[in-house]
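Protein chains in written order, with my numbering: chain A, 82 to 185; chain B, 82 to 185; chain C, 82 to 185; chain D, 82 to 185; chain E, 82 to 185; chain F, 82 to 185; chain G, 82 to 185.
Misleading hints may appear alongside valid ones.
Cβ-Cβ distance ranges computed for the label pairs, FRET-style [said to hold, decoys possible]:
{"id": "1", "chain 1": "C", "residue 1": "184", "chain 2": "D", "residue 2": "141", "range": "15 to 23 Å"}
{"id": "2", "chain 1": "E", "residue 1": "159", "chain 2": "A", "residue 2": "169", "range": "53 to 61 Å"}
{"id": "3", "chain 1": "D", "residue 1": "128", "chain 2": "F", "residue 2": "143", "range": "43 to 51 Å"}
{"id": "4", "chain 1": "E", "residue 1": "144", "chain 2": "C", "residue 2": "143", "range": "20 to 28 Å"}
{"id": "5", "chain 1": "D", "residue 1": "128", "chain 2": "G", "residue 2": "145", "range": "41 to 49 Å"}
{"id": "6", "chain 1": "B", "residue 1": "160", "chain 2": "E", "residue 2": "90", "range": "54 to 62 Å"}
{"id": "7", "chain 1": "D", "residue 1": "183", "chain 2": "F", "residue 2": "143", "range": "49 to 57 Å"}
{"id": "8", "chain 1": "F", "residue 1": "139", "chain 2": "A", "residue 2": "168", "range": "40 to 48 Å"}
Keeping only pairs whose Cα atoms sit at most 25 Å apart, straight-line, the calculated BS3-like set for lysine-lysine is [stated by the list, open to error]:
{"id": "9", "chain 1": "G", "residue 1": "163", "chain 2": "A", "residue 2": "182"}
{"id": "10", "chain 1": "D", "residue 1": "182", "chain 2": "C", "residue 2": "153"}
{"id": "11", "chain 1": "A", "residue 1": "169", "chain 2": "G", "residue 2": "163"}
{"id": "12", "chain 1": "G", "residue 1": "169", "chain 2": "A", "residue 2": "153"}
{"id": "13", "chain 1": "D", "residue 1": "153", "chain 2": "D", "residue 2": "182"}
{"id": "14", "chain 1": "G", "residue 1": "169", "chain 2": "A", "residue 2": "163"}
{"id": "15", "chain 1": "F", "residue 1": "182", "chain 2": "E", "residue 2": "169"}
{"id": "16", "chain 1": "E", "residue 1": "153", "chain 2": "E", "residue 2": "169"}
{"id": "17", "chain 1": "D", "residue 1": "163", "chain 2": "E", "residue 2": "182"}
{"id": "18", "chain 1": "G", "residue 1": "153", "chain 2": "G", "residue 2": "169"}
Hints were generated in silico from the structure; no laboratory data involved. Glycine residues also receive a C-beta, built at the ideal position from the N, C-alpha and C atoms.
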Amino acid sequence: MVRLAGVLRTFVPLFDRVLVERLAAETKTKGGIMIPEKSLGKVLHATVVSTGPGSRTSDGTVVPCSVVAGDKVLLPEYGGTKVEMDDKEYFIFRDGDILGKFTS
Amino acid sequence: MVRLAGVLRTFVPLFDRVLVERLAAETKTKGGIMIPEKSLGKVLHATVVSTGPGSRTSDGTVVPCSVVAGDKVLLPEYGGTKVEMDDKEYFIFRDGDILGKFTS
Amino acid sequence: MVRLAGVLRTFVPLFDRVLVERLAAETKTKGGIMIPEKSLGKVLHATVVSTGPGSRTSDGTVVPCSVVAGDKVLLPEYGGTKVEMDDKEYFIFRDGDILGKFTS
Amino acid sequence: MVRLAGVLRTFVPLFDRVLVERLAAETKTKGGIMIPEKSLGKVLHATVVSTGPGSRTSDGTVVPCSVVAGDKVLLPEYGGTKVEMDDKEYFIFRDGDILGKFTS
Amino acid sequence: MVRLAGVLRTFVPLFDRVLVERLAAETKTKGGIMIPEKSLGKVLHATVVSTGPGSRTSDGTVVPCSVVAGDKVLLPEYGGTKVEMDDKEYFIFRDGDILGKFTS
Amino acid sequence: MVRLAGVLRTFVPLFDRVLVERLAAETKTKGGIMIPEKSLGKVLHATVVSTGPGSRTSDGTVVPCSVVAGDKVLLPEYGGTKVEMDDKEYFIFRDGDILGKFTS
Amino acid sequence: MVRLAGVLRTFVPLFDRVLVERLAAETKTKGGIMIPEKSLGKVLHATVVSTGPGSRTSDGTVVPCSVVAGDKVLLPEYGGTKVEMDDKEYFIFRDGDILGKFTS
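Bound-form chain A, shown alone (with noise of 0.2 Å):
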């Protein structure tokens, strides 16, 4: 379960929209050396925060979105909406557009 604070833990998505977290990027290699920002790569890797209900089909049913609060993902290299919640930087995804989820 993901405990949140704040402002976060009373925000809920609409729809099918997924507020996801970026895990941050390693900033070493293995081996220990610093890796010089502009050689990091786009992180693609992000943890679910919170969920909308889900997507609407044409007759009406709600169908629940395909991740929940916690599961990793990976994210498409574009896409999705900035947003700012206590001083931190979260990200909002349709849950379509979300390309999978890491099992563990």
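Dock chains B, C, D, E, F and G against the given chain A, drawing on the hints supplied.
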């Protein structure tokens, strides 16, 4: 409950439209320093003033909006229609364009 | 009830079209000063003159327009088709493009 | 009832198409002054000559056109296909593009 | 009934496609004067040679084409695919793009 | 029945895709004169090699392709995806893009 | 059955996405001559690593992907999303974009 006066009280959005009022931007830092206007971020937080009856599925059923008057919501950076009532500025968004709401 | 005369009385919009008459713009300030025309805001308030039978869902059922003759409505800034009848200017909007109505 | 002769009498529009004949533009003012052609407004009034069987809903049912032969209609400023029959000019519009009709 | 020979006789359009043969343009005026080719209007009249089984509604039912072999039809000015069979030029149109037919 | 060898024999198109082999262009006139390559018309005739299971209607039913292996078909001038198998060139078209077939 | 290790083993594509690994390009001719890299064709053959649960029809039913892990598939020349896992390069395609599969 939100108490409305003047023209605003008589206005009913149509379909899945939502009338919102943006929250005032903080113009001072927590320490009390004035923030010059160009440094002020976009105000994406708003309060729902009133909503339409909802959208219609392909078979004609009305699906109520996912927010209600009084809800604190997070707006997308772009979009929405600026309208003026009683010399004040409001915005109309489609229900499906609102990113999320803050529960209390 | 709106009383119509001349050609206007015989005109019936088709489908979900709505014929509206824009309200005259205020050309004086509350204090009585004339407002030069270029300072006049766009007139987005209008009265519904007549409406079509409504739109059709995918299974052929007709859904009546959400406004009726006599309703005061808020128009979007762009869109609509200007038509002239009895030497007066009217506008036709699709029901779904009208932003909201004012109840009394 | 509209009496048609020649090729026109044998022509049946397909689907929800409507064959119309634009009304002649008034070339004199009410006082009898000739109006130079470039001052003549676009003729948006027309008479329905014939109509197709109608459009088809997604389940295959045919919905008849909303106008019938003889109806006086208001055309949009743009659109329509010019066709010539018996050396006269007619226009074909989709039923859904006709703005409204004049009842008598 | 249209009698077809050669390759043409074996060709069956797929879906709601219609194979048509444009009528020869009149190259003389009624008085017998030759019309120079550049003055010849576009030939929009054609005869249906063969048709596909029809289009499919969203639930999979096939709706037959609205024209049959032998029908005289009115073509839109643009569109259609030119095909050559037995050294002669034919055109393929979607059933829904044909403007109308001439009954006799 | 079409007898396939090598990789080609194991290939199954997905959905409503159709694998075709264009017929060789005639490189001599009927009288035996060689036609220079640039004068050769586009080869729009092809033989169906294999087809996918078909397209799916909105309720999930599979509708088989309208052509089968061995059919002689007429291709549109543009479109299709070139693929190479066993050092030979084939093309993949969507079933709905094939113009027609030749029955024998 | 495909045996996966590391991060790859825990990755599940969402919806109708398919994770594939492109086959290594042949870098020698059959006779053993090295092919310079710029002469190497695009590698359009790939092996399916894992698939999502499938796409959803308009009434909410899930339709499984048309390929399964281990399938040899033919990719379109363009499209797909490159992802890196365990320092190796993989691609994600929508099930509907894969051209065909090779049965054995």
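- Which earlier hints can't be squared with this structure? 1, 5, 11, 14
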